[in-house]
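Number of protein chains: 2
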Amino acid sequence: MTEIGAPNRRATTFIGGNGGEWAVVSQRALLGPPIAAVSRVAMIFGSTPGDCRDAAWILRGVATNDRYTTREEKHSLVEKQVPIGRPEATRAALILLRKNADWWAMPQDERRAVLEEQSHHIAIGLRYLPAVARRLLHCRDLESEAPFDFLGFLDFAPADEVAFEDMLGQLRSTKEWSYMEREIDIRLVKPDR
Amino acid sequence: MTEIGAPNRRATTFIGGNGGEWAVVSQRALLGPPIAAVSRVAMIFGSTPGDCRDAAWILRGVATNDRYTTREEKHSLVEKQVPIGRPEATRAALILLRKNADWWAMPQDERRAVLEEQSHHIAIGLRYLPAVARRLLHCRDLESEAPFDFLGFLDFAPADEVAFEDMLGQLRSTKEWSYMEREIDIRLVKPDR
Chain B
1 MTEIGAPNRR
11 ATTFIGGNGG
21 EWAVVSQRAL
31 LGPPIAAVSR
41 VAMIFGSTPG
51 DCRDAAWILR
61 GVATNDRYTT
71 REEKHSLVEK
81 QVPIGRPEAT
91 RAALILLRKN
101 ADWWAMPQDE
111 RRAVLEEQSH
121 HIAIGLRYLP
131 AVARRLLHCR
141 DLESEAPFDF
151 LGFLDFAPAD
161 EVAFEDMLGQ
171 LRSTKEWSYM
181 EREIDIRLVK
191 PDR
Chain P
194 MTEIGAPNRR
204 ATTFIGGNGG
214 EWAVVSQRAL
224 LGPPIAAVSR
234 VAMIFGSTPG
244 DCRDAAWILR
254 GVATNDRYTT
264 REEKHSLVEK
274 QVPIGRPEAT
284 RAALILLRKN
294 ADWWAMPQDE
304 RRAVLEEQSH
314 HIAIGLRYLP
324 AVARRLLHCR
334 DLESEAPFDF
344 LGFLDFAPAD
354 EVAFEDMLGQ
364 LRSTKEWSYM
374 EREIDIRLVK
384 PDR
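Sequence order for the protein chains is B and P. For reference, each letter of the first sequence is one residue, going 1 to 193 in this note's numbering. For reference, each letter of the second sequence is one residue, going 194 to 386 in this note's numbering.
Treat each hint with caution, since some may be false.
[As the list claims (entries may be wrong)] Now the in silico label distances, taken between C-beta atoms and shown as ranges:
#1 Asp54(B) with Glu358(P): 32 to 38 angstroms
#2 Pro276(P) with Thr90(B): 51 to 57 angstroms
#3 Lys175(B) with Ala199(P): 28 to 34 angstroms
#4 Leu136(B) with Glu358(P): 39 to 45 angstroms
#5 Asp166(B) with His268(P): 35 to 41 angstroms
#6 Leu322(P) with Pro158(B): 56 to 62 angstroms
#7 Arg172(B) with Glu214(P): 45 to 51 angstroms
#8 Leu129(B) with Leu224(P): 37 to 43 angstroms
#9 His75(B) with Arg202(P): 33 to 39 angstroms
#10 Arg172(B) with Val271(P): 28 to 34 angstroms
#11 Glu110(B) with Leu224(P): 31 to 37 angstroms
#12 Gly85(B) with Asp295(P): 23 to 29 angstroms
#13 Glu358(P) with Trp104(B): 31 to 37 angstroms
#14 Lys368(P) with Trp104(B): 26 to 32 angstroms
What the hints contain is simulated information worked out from the structure, not anything from laboratory work. Quantities reported herein were computed from a predicted structural model and do not represent experimental measurements. Using N, Cα and C, we set each Cβ at its ideal position, and we do this for glycine too.
Okay, chain B solo, but in the shape it has when bound (with noise of 0.2 angstroms):
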């Protein structure tokens, strides 16, 4: 029987609990309800972790394709931004998204008008390339029903953390951050070893 099991390349997982590299410095819930407190969080490349018993959660989520993103933008991205995990970066966020039923029944034009020409998602996450590096996941359309719609892993050096906080703020004050219905924000620190 050819069951399709193999873990899908492109995915990443995030486990919550008292194991992995990142230490918890606060976990709040924006939107929506809460998910249990965690003291560390682990990630793993690959959607299929090995021991995950004493976990509080898992979430997983898969890097896709471009959603809205047109070639000039690409490229402008493409350009800047550098990949997660330098030595430097010692701080992240993980921030978990949910968006609601109006913004999954809009069209994909609409969609795109309201990330990028009424929002500016693309063009204000461009100006924190490369400080902030990111990982971004996508999980609504997993096998297996998710609670999020979205993963964002992101990491900076502590001198930057303060336009990261910049970005975020402008972020949240956009017509696409009216179509949230639920989000998590988990600050995490990589302690010295």
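Take the given structure of chain B and dock chain P to it, following the hints.
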């Protein structure tokens, strides 16, 4: 532990084997490797079917938000389309598709331009509504690796089979189809009870 395991309500599972309401009339690999030949296909709503021990293969996909459709196109589609499962729709096709890396590397605006402005995918499909009913499912972003990006299940009355072939022939001659790297066409009939 809040591992997320409930089936996605937008998922559909196809089980190829010896059971199920659809009898296989033909099964052709048009591009890329075939999958195991089966005599029957079961279609199950949701992603966690029960007993699949006798299945030769299991394919899952999720009905997602509009990826390319504009408001105007969506309006036309919604006005004309009918759901799958009409009593007279005793013929069906299950089309399994995988696009190549070039397709997925394109930004949103370029994929849209190839799909519609250059290939008229939505416009072609629209001409065959409501004779052909469709359930269009995405697989690429499941948490487990999928052999196809897209599953199309289309059902129609026997009298509309010629029209259906005509539609498929038009789509297969488009620029969009030049990005396919795998295509399997399974034809189905619902036997008299």
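For each hint, the structure was consulted:
Remark: the range hint 32 to 38 angstroms for Asp54(B) to Glu358(P) is contradicted by a beta-carbon distance near 56 angstroms. Taking the beta carbon of each, Pro276(P) and Thr90(B) are about 53 angstroms apart, inside 51 to 57 angstroms as hinted. Distance hint for Lys175(B) and Ala199(P): a CB-CB separation of about 31 angstroms, consistent with the stated range 28 to 34 angstroms. About 41 angstroms separates the C-beta atoms of Leu136(B) and Glu358(P), a value consistent with the hinted range of 39 to 45 angstroms.
Range check, Asp166(B) to His268(P): about 40 angstroms between beta-carbon atoms, so the 35 to 41 angstroms window is met. At about 57 angstroms, the CB distance of Leu322(P) to Pro158(B) agrees with the hint of 56 to 62 angstroms. Between Arg172(B) and Glu214(P) the CB atoms are about 49 angstroms apart, so this pair conforms to the stated range of 45 to 51 angstroms. As the Cβ distance of Leu129(B) to Leu224(P) is approximately 39 angstroms, the hint placing it in 37 to 43 angstroms holds.
For the pair His75(B) and Arg202(P), the beta carbons lie near 38 angstroms from each other, so the given range of 33 to 39 angstroms is met. Between Arg172(B) and Val271(P) the beta carbon distance is about 33 angstroms. The supplied range of 28 to 34 angstroms therefore holds. Range check, Glu110(B) to Leu224(P): about 34 angstroms between beta-carbon atoms, so the 31 to 37 angstroms window is met. With their beta carbons about 28 angstroms apart, Gly85(B) and Asp295(P) fall inside the hinted range of 23 to 29 angstroms.
Glu358(P) and Trp104(B) have their C-beta atoms about 34 angstroms apart, which keeps the hinted 31 to 37 angstroms range intact. For Lys368(P) and Trp104(B), the Cβ-Cβ distance of about 29 angstroms falls inside the hinted range of 26 to 32 angstroms, so the restraint holds.
When each numbered hint is compared with the structure, a violation occurs for hint 1 only.
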